[in-house]
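Chemist: Each chain is listed here by its residues.
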Amino acid sequence: MIGSEEKKSRIKTIVRACRLIARMSKGRPEVLESHRIYYQMLADYYDRLLNAQEEGEFVAAHTIFFPVEILYAMDIVPMHTELTAWMTALFSGSYADLLSTSAEVGLAPEICSPYRVLTGALAAGCLPRPNVMLWSNLICDNSAKGGEPVMDMSGCSGFFLDCPFQQTDYENRYLKEELEDMIYFLEKQSGRKMNWDKLSDNIAQSDRQIELYRKINELRQTVPSPFPPQDFLKLFTVDCFFAGQPEATNYLETFHQELLETIRDGRGMASPERFRVMSIGMPPVLLLGAIEKVSLEYGAVSVADPFFCNWGEGRLDPQKPLDSVMKKISMHPVMVMYGPLDERLLDMLINCAKQHKIDGTINYAHVGCKQGAATIKIVKDVLNEIDVPMLILDCDIIDTTIAPEEEIREKLRQFFELLEDR
Amino acid sequence: MTDSPQTNNVELHALDRFREINNAFPKTAQILEHKSQGKQVFGWLCTYVPEEVIHAAGILPVRVTGYSQEMELEDGNAYLYINNCSFSRSCLQMGIRGEYDFLNGVVGGSTCDGARRLFDVWRYYIKTPFHHVLTVPRKYTQRAHDLYYHQVAQFKQHLEEFLGIQITDEQLCQSTEVYNEARALLKSLYDLRKLRNPPITGAETMEVLNASFRMPKELFNSYLRQLLDELAASSRSHKYRARLMVVGSVMNNPEFIKAIEAQEGLVVTDELCTSTRYWSDPVVLDSDKTPLEAISQRYLNNFPCARMVPSDERFNRVIDLARDFKVEGVISQIIRYCVPYAHDLPLLIDRLKAQGIPTLALDVEYGTSGSGQIQTRVQAFLEMLEARR
Chain H
1 MIGSEEKKSR IKTIVRACRL IARMSKGRPE VLESHRIYYQ MLADYYDRLL NAQEEGEFVA
61 AHTIFFPVEI LYAMDIVPMH TELTAWMTAL FSGSYADLLS TSAEVGLAPE ICSPYRVLTG
121 ALAAGCLPRP NVMLWSNLIC DNSAKGGEPV MDMSGCSGFF LDCPFQQTDY ENRYLKEELE
181 DMIYFLEKQS GRKMNWDKLS DNIAQSDRQI ELYRKINELR QTVPSPFPPQ DFLKLFTVDC
241 FFAGQPEATN YLETFHQELL ETIRDGRGMA SPERFRVMSI GMPPVLLLGA IEKVSLEYGA
301 VSVADPFFCN WGEGRLDPQK PLDSVMKKIS MHPVMVMYGP LDERLLDMLI NCAKQHKIDG
361 TINYAHVGCK QGAATIKIVK DVLNEIDVPM LILDCDIIDT TIAPEEEIRE KLRQFFELLE
421 DR
Chain E
1 MTDSPQTNNV ELHALDRFRE INNAFPKTAQ ILEHKSQGKQ VFGWLCTYVP EEVIHAAGIL
61 PVRVTGYSQE MELEDGNAYL YINNCSFSRS CLQMGIRGEY DFLNGVVGGS TCDGARRLFD
121 VWRYYIKTPF HHVLTVPRKY TQRAHDLYYH QVAQFKQHLE EFLGIQITDE QLCQSTEVYN
181 EARALLKSLY DLRKLRNPPI TGAETMEVLN ASFRMPKELF NSYLRQLLDE LAASSRSHKY
241 RARLMVVGSV MNNPEFIKAI EAQEGLVVTD ELCTSTRYWS DPVVLDSDKT PLEAISQRYL
301 NNFPCARMVP SDERFNRVID LARDFKVEGV ISQIIRYCVP YAHDLPLLID RLKAQGIPTL
361 ALDVEYGTSG SGQIQTRVQA FLEMLEARR
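Here the protein sequences come in this chain order: H and E. Residues in the first sequence are numbered consecutively from 1, following my numbering. Residues in the second sequence are numbered consecutively from 1, following my numbering.
Bear in mind the hints are in silico, worked out from the structure with no lab data behind them. Treat the numbers as computed from the prediction; the structure is a model and nothing was measured. Treat the hints with care, as some may be off.
Okay, derived cross-link-like pairs now, DMTMM-like style, lysine to aspartate or glutamate, Cα gap no bigger than 25 angstroms in a straight line [what the hints assert, rightly or not]:
(1) H/K320 with H/D181
(2) E/K139 with H/D181
(3) H/K377 with E/D75
(4) H/K377 with E/D312
(5) H/K411 with H/D421
(6) H/K377 with E/E70
(7) H/K198 with H/E55
(8) E/K139 with H/E148
(9) E/K187 with E/D16
(10) H/K377 with E/E99
(11) H/K377 with E/D101
(12) H/K188 with E/D312
(13) E/K289 with H/E171
Here are the in silico distance ranges between beta carbons for each label pair [what the hints assert, rightly or not]:
(14) E/E99 with H/K320: 49 to 55 angstroms
(15) H/D317 with E/K289: 34 to 40 angstroms
(16) H/E57 with E/T290: 47 to 53 angstroms
(17) E/G98 with H/L418: 32 to 38 angstroms
(18) H/M24 with E/G356: 34 to 40 angstroms
(19) H/K320 with E/T141: 23 to 29 angstroms
(20) H/E55 with E/Q373: 50 to 56 angstroms
(21) H/D169 with E/E264: 55 to 61 angstroms
(22) E/S371 with H/M348: 43 to 49 angstroms
Where a beta carbon is used, it is the ideal one built from N, C-alpha and C, also for glycine.
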């Protein structure tokens, strides 16, 4: 086990890198202001985490798609386990080491790589020790199994939020009671009371944020697309880290304005824009730049990321904060992958393809994602019916040895040439 | 095919009957006869599906399993993709190729990603007339029990609407008694494996278990009673170097166990959803609850799958089994891409180690018969166990 100073240094690397990016972005007209805000937010998030223990704050580690509005309302410091492990790996260039450490611990290579990196980071002592662990089955077996290793290695207690598979009234009541129990657990563990007024404020912010996500997504229907293709990841992580926080609203409002200005100026991401692409699944994050570059060579732009950007219908009600937390979970774009596979998913993809005027789809078949991969044929068959071809790109979100950069470039080239031939 | 380590090889006639059924599966004489009487057959995909409810409706429930050997899974790969577990892909391929075309219904649970996507893709591409999926909570709290009961009640109602019948409490009680008898008989069989010289091998036991979910339970019970009588009358025993337990992913290939036992590692118990986790824990019928409540309580409280939280519930029961059966070593076999068991493995190894029980971890594919490499590793494991004495 490495010492607390060493642990701190990994988180410090994230803080320093994000601050540097934010500082270098300032005053540069070619860089969007939203870009600077995003990295400043990240730097602040990790700075707070870095100093949490010394300042007597209570840290709750949590898995993906967790309602952080609740933690902020209780003045608890959140630590997103998968994304923090992921950021640690990316910013310190240590993903291969962490994957290797997880293998030494005994985790099979077929397990989703963010969870292997998480285990590796825990085993290597790269993550701060949380006071409690919160985890849920949103949205797969990996997240459902992701909490106990953290508790085991950190020696902390935890709460498992059991999210029912379907969304009947009965199951929604079950989830609401689970949330109430989780709040009780947090109150008991942290000695802090839930501030319901603050939760209502957070819900009001989240409601505004969802409205902005929708507006931003709608602007991606514009030809040419004004949306920087890699920024879907910012939208996704902003919700993961900062849901319900005013700084997230500020980021989204700024970004929305920037997109409007880009459209007003008649600018697009590709010039000329020849192919409009829908991206399904998470691309390999280390290769986002390479993917964008090869796409732009062919005038191809990713204009839709339905599993990250297509929020479901409905509004949140600050007067009913806990109901709204549940509602938000059900509205999250990725929730079409949860529950029995039905028309929700297929209709959403068809509508998305039509509304965004899609020429082709790239399905990033992350080797660790079983439930996503299992829908590949169904999705391909459905999109074929509306004459939208689909490239299936085998890859790994983190581990670039699964599908190296050149292999991905080559497959993309072949796909864009196929689109040209059509 | 490898030989079992029998030192006193008395034929078991009842066992041959079970083997015949397994060899003919899925289109066994019993299933075809049931169909010829105009009755329905439903497939179930996971041990969290309450079989008694299907049985009480006059339907023959059979477990959907995959090929009994490692196969090329072209259709399974095409429809479920290569990174889903080979159990799901194997089952689906059999479905796609019409080998389960006699099924009138398929029932699944939201138990793991592989199982639920198997259900989804089955429903989408294979037009079995009736489909139902149950939400299965991952906890054991009263609230989770209430939710699961509600799910079982909904399933019963769906079944009643589909068939145009009422499933009465009396029918549920009768079905429960039949299934409880099977559980009690299987427990008797397992109790024999606790003996210093078990009269039945792990591979033979797996033949019995496979047949248990492929034929009418009433008939199974009568065959199993005969087998127990035969075993009681025999002086069978098996030479072994160590007493082993097999844990991990779904597995129902007796050849895999045979490969272990050919090295004289006698498999005396297991923690598999095709064996102990299938039959352990009876439904407790009493005046405090309705039969449906008793059934739902049993299914959620049963020996847990790795999907359940907290995992220590499973680990503790594995350790209890090891103690009861005087297990000297554990063989973990995990199918590639089986996420819940793969996640649990490092923690389970630690817990077993703390009890002084070593674990051999094998990565396998569903249907594997125990290749040369597996045999070599088992051999080395047995040598290590012997050296510890």
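Chemist: If a hint holds in the structure, say so; if it doesn't, say that too.
Modeler: Going through the hints against the structure:
1. H/K320 with H/D181: Roughly 17 angstroms between the alpha carbons, so the hint for H/K320 and H/D181 holds.
2. E/K139 with H/D181: Holds: E/K139 and H/D181 sit about 13 angstroms apart, inside 25 angstroms.
3. H/K377 with E/D75: holds, 11 angstroms
4. H/K377 with E/D312: violated, 37 angstroms
5. H/K411 with H/D421: Roughly 15 angstroms between the alpha carbons, so the hint for H/K411 and H/D421 holds.
6. H/K377 with E/E70: holds, 23 angstroms
7. H/K198 with H/E55: Holds, at roughly 22 angstroms.
8. E/K139 with H/E148: holds, 14 angstroms
9. E/K187 with E/D16: holds, 20 angstroms
10. H/K377 with E/E99: holds, 21 angstroms
11. H/K377 with E/D101: Roughly 22 angstroms separates the two Cα atoms, so the pair holds.
12. H/K188 with E/D312: Judged against 25 angstroms, a Cα distance of about 23 angstroms means the pair holds.
13. E/K289 with H/E171: At roughly 22 angstroms apart (the allowed maximum being 25 angstroms), H/E171 and E/K289 satisfy the hint.
14. E/E99 with H/K320: 49 to 55 angstroms: Since the Cβ atoms of E/E99 and H/K320 sit about 51 angstroms apart, the hinted range of 49 to 55 angstroms holds.
15. H/D317 with E/K289: 34 to 40 angstroms: holds, 38 angstroms
16. H/E57 with E/T290: 47 to 53 angstroms: The hinted range 47 to 53 angstroms holds for H/E57 and E/T290, with Cβ atoms some 50 angstroms apart.
17. E/G98 with H/L418: 32 to 38 angstroms: Given range 32 to 38 angstroms: holds, Cβ gap about 34 angstroms.
18. H/M24 with E/G356: 34 to 40 angstroms: Violated, at about 58 angstroms.
19. H/K320 with E/T141: 23 to 29 angstroms: holds, 24 angstroms
20. H/E55 with E/Q373: 50 to 56 angstroms: holds, 54 angstroms
21. H/D169 with E/E264: 55 to 61 angstroms: Taking Cβ atoms as reference, H/D169 and E/E264 lie about 58 angstroms apart, which means the hint holds.
22. E/S371 with H/M348: 43 to 49 angstroms: With a Cβ separation near 44 angstroms, E/S371 and H/M348 satisfy 43 to 49 angstroms, so the hint holds.
Hints 4 and 18 from the earlier list are contradicted by this structure; the remaining hints agree with it.
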